[in-house]
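Since the structure of chain A is provided, determine the placement of chain B with the ligands on it from the hints.
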Amino acid sequence: MMRAAPSPEEVRRHNLGTLLRHIHLRGSASRAELAEGMGLNRSTIMALTSELTAAGVVREELPRSTGRRAGRPSLVVRPESTRVYVLAFQIGVHRLVAARVGLGGVILDRRETTRPRGPFDPDEIVGVLASFTRQLVRRADPDAVCVGAGAAFSGMVRSSDGMVRYGPNIGAVDVSLGEMLSRRLGLGLTVAIANNANLGALAEHRRGVGVGCQNLLYLHADVGVGGGIIVGGRLLEGADGYGGEVGHMVVNPAGRRCGCGSRGCLEAEVGELALLAHAGREDAVAELGGREAVQAVLEAADRGDSAAREALHRVGDWLGLGVANLVNVFNPEMVIFGGTLRDIYLGAAAQVRSRLATGAMAASRERVRLRTAELGEDTTLVGAAELAFSEVLNDPLEVLARLRTGAAAGRPLRDRSGSRV
Amino acid sequence: MAKARQWEPLDEMSVTPVLDLRGVDKSFGPVQVLHGAALSAYAGEVTALVGDNGAGKSTLIKCLGGMLPMDGGEYLFEGRPVRVGSPREAAALGIEIVHQDLALCENLDVVQNMFLGRERRSGMVLDEAAMEEMAARTLTGLSVRTIKSVRQPISSLSGGQRQSVAIARAMLWDSKVVVLDEPTSALGVAQSRQVLEVVRRLADRGRAVVLVSHNMNDVFAVADRICVMFLGRTVAQVRASDVTHAQVVELITSGRSGDGVEAGRPVPVHGRGTGPGGGAGRG
Ligand SMILES: Nc1ncnc2c1ncn2[C@@H]1O[C@H](COP(=O)(O)OP(=O)(O)OP(=O)(O)O)[C@@H](O)[C@H]1O
Ligand SMILES: [Mg+2]
Numbered sequence: 000m001m002r003a004a005p006s007p008e009e010v011r012r013h014n015l016g017t018l019l020r021h022i023h024l025r026g027s028a029s030r031a032e033l034a035e036g037m038g039l040n041r042s043t044i045m046a047l048t049s050e051l052t053a054a055g056v057v058r059e060e061l062p063r064s065t066g067r068r069a070g071r072p073s074l075v076v077r078p079e080s081t082r083v084y085v086l087a088f089q090i091g092v093h094r095l096v097a098a099r100v101g102l103g104g105v106i107l108d109r110r111e112t113t114r115p116r117g118p119f120d121p122d123e124i125v126g127v128l129a130s131f132t133r134q135l136v137r138r139a140d141p142d143a144v145c146v147g148a149g150a151a152f153s154g155m156v157r158s159s160d161g162m163v164r165y166g167p168n169i170g171a172v173d174v175s176l177g178e179m180l181s182r183r184l185g186l187g188l189t190v191a192i193a194n195n196a197n198l199g200a201l202a203e204h205r206r207g208v209g210v211g212c213q214n215l216l217y218l219h220a221d222v223g224v225g226g227g228i229i230v231g232g233r234l235l236e237g238a239d240g241y242g243g244e245v246g247h248m249v250v251n252p253a254g255r256r257c258g259c260g261s262r263g264c265l266e267a268e269v270g271e272l273a274l275l276a277h278a279g280r281e282d283a284v285a286e287l288g289g290r291e292a293v294q295a296v297l298e299a300a301d302r303g304d305s306a307a308r309e310a311l312h313r314v315g316d317w318l319g320l321g322v323a324n325l326v327n328v329f330n331p332e333m334v335i336f337g338g339t340l341r342d343i344y345l346g347a348a349a350q351v352r353s354r355l356a357t358g359a360m361a362a363s364r365e366r367v368r369l370r371t372a373e374l375g376e377d378t379t380l381v382g383a384a385e386l387a388f389s390e391v392l393n394d395p396l397e398v399l400a401r402l403r404t405g406a407a408a409g410r411p412l413r414d415r416s417g418s419r420v
Numbered sequence: 000m001a002k003a004r005q006w007e008p009l010d011e012m013s014v015t016p017v018l019d020l021r022g023v024d025k026s027f028g029p030v031q032v033l034h035g036a037a038l039s040a041y042a043g044e045v046t047a048l049v050g051d052n053g054a055g056k057s058t059l060i061k062c063l064g065g066m067l068p069m070d071g072g073e074y075l076f077e078g079r080p081v082r083v084g085s086p087r088e089a090a091a092l093g094i095e096i097v098h099q100d101l102a103l104c105e106n107l108d109v110v111q112n113m114f115l116g117r118e119r120r121s122g123m124v125l126d127e128a129a130m131e132e133m134a135a136r137t138l139t140g141l142s143v144r145t146i147k148s149v150r151q152p153i154s155s156l157s158g159g160q161r162q163s164v165a166i167a168r169a170m171l172w173d174s175k176v177v178v179l180d181e182p183t184s185a186l187g188v189a190q191s192r193q194v195l196e197v198v199r200r201l202a203d204r205g206r207a208v209v210l211v212s213h214n215m216n217d218v219f220a221v222a223d224r225i226c227v228m229f230l231g232r233t234v235a236q237v238r239a240s241d242v243t244h245a246q247v248v249e250l251i252t253s254g255r256s257g258d259g260v261e262a263g264r265p266v267p268v269h270g271r272g273t274g275p276g277g278g279a280g281r282g
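Protein chains in written order, with numbering that gives the first Met the number 0: chain A, 0 to 420; chain B, 0 to 282.
Extracted from the complex, chain A is given alone in its bound form (with noise of 0.2 Å):
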């Protein structure tokens, strides 16, 4: 069926949503090279800027000078960082993480708490991140304003409402925790929520390692093991969003028992869990937390522990071994390790690449690039973030006219619906 051609509205809100998310995405640029970037000519560019500019969510300046040079310096547009701003909130096993990151992708501020291991009590998970919020809020510009907000759950999460499913390391089944933590923010914001693999798949994919690939696996471990993939510059989700759960892929049938009931996951051969029974040192969670249990025994290994030492190899082999199965299957340009993983990899790249080598086919694994997250230990933080921007970059508009009427001056923006990536 052919499609009516697009209302003057819909271009206006398309080329400011292409706009923003340029500015967003890519950081300052010339009225000149967002013409170019746009493929749209100099006026168009000019009536866009000058309208975001009127609302406040971008500014136009001279470029601060690194020299003297001949000519006059065009102007640069600069996203409102500080004034246009979205919550992010990392909800992990053992880490709770608030954030006020602003247009251009910014942490301006944060508060986190680690949470004792044990059952998933989600109205205590919602009260702090709630009691997080207030303190953000409150030390947000007086005529900032917040536009949307994201989640990053670890644990499976359904598309179609945000309903939280299961967690094997967390616990929880079936909790509208987006729902819940809307209605106790109390801000007339719905959070979107996403699993938080996936969504570390998309940060680094939009401002990370991955910019420029178009088909890139992440991996990540906190206490399990999760994954995003991103197939043709779109993240896999499958169905119903469970997608890119790679740690539960079967390495090792005769393995170790995994969390989720099944046996030899890769999780449960390439996890801190696995990492510490090996290394014998099972007990160090408890007494140091997760990541520095895990960086504990890196250090051991490179002081010649040969416990820790052996311990590291066969947890490199099988993260190998289950690269190598995804680098056959997905023929991805990258892969990304994040979280724990960033140190596993480097610890025990030699054994990760030799699996590659002799278990992936050699046509899809000579161009793979094996690469540490670049967003360091923010990549699912700033995901929850792209999430939270997503709808006002897809629609700016109404976002415009209330900034234009200086409505929600110091109050959040409502938001219509718990929209997704």
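None of these hints come from the bench; they were simulated from the model. Everything numeric in this text was worked out from a predicted model, so none of it was measured. There's no promise every hint is true.
Listed next, the stretches of chain B that the computed footprint assigns to chain A, with coverage defined by at least 3 CB atoms under 8 Å from CB atoms of chain A [to be verified]:
#, region
1, 153-167
2, 191-198
3, 235-248
Even glycine gets a Cβ: it sits at the ideal position worked out from N, Cα and C.
Showing chain B with the ligands alone in chain A's frame:
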């Protein structure tokens, strides 16, 4: 001895190596230490130069950097034959060598170190604020986040941070080739990790990086290619994705690999007994 093998470049962009040394001979008095050594480095890639103690890595790097004259062999830069008679001539081509001792000035701060000896080369008059911003931007560009202030003296930085500053200096000056001699050998785990990530980013930002290392794990973590030297000869130049740890170790220790990697033949699986290659049920 097996002949050095040139592999197809990883992608179209890097068809011509930025740096291509071939058949390099070098003697110290009566002792010949390089026998037709070779090394190619490509833009956007990390080439690891490995070999046992005394294999000739540092000697080859010194020839590359103009610190030692070559007795024979070819030196191609961006496909053209060049003569590199001094470190200054190497620098003029855009070759930066980060030595293990780094040559940073302890008492100067990060900005001063990054601009040391270069103020005039740019032909542009830079004020302090501009230099500070460029230094900070370069470090941010390499995602070096742990250095709190670019006005800190070098003496207050950790070993990993110092390496990062030295690498950032190469980045700032638009070097085409950056050679790093054992950048992580003196560092602990956390700092090594930081340096490896910076090394990788330097290549991802388009530089040809040569990494001299004895640490096979570091090599596999970041290398696209591995150049193996044995007793003054280059015995293999292979893609890192085509070889296993065991094969590289064999090349380093014996100058050849039982399964013929240096000749490009297929590679059998090496079981380690403890991992996926080991017996079932050993999890
Ligand atoms: N100035 C010199 N005079 C005489 N012999 C030298 C000189 N420099 C190096 N050699 C010799 O040349 C050989 C190669 O040394 P080189 O330093 O290049 O090895 P290398 O691969 O860098 O070793 P390492 O891993 O220990 O740094 C060694 O046998 C060394 O003793
Ligand atoms: Mg040496």
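Checked hints:
| no. | hint | in the structure |
| --- | --- | --- |
| 1 | 153-167 | violated (count 0) |
| 2 | 191-198 | holds (count 4) |
| 3 | 235-248 | holds (count 8) |
Of the numbered hints stated above, the single one contradicted by the structure is hint 1.
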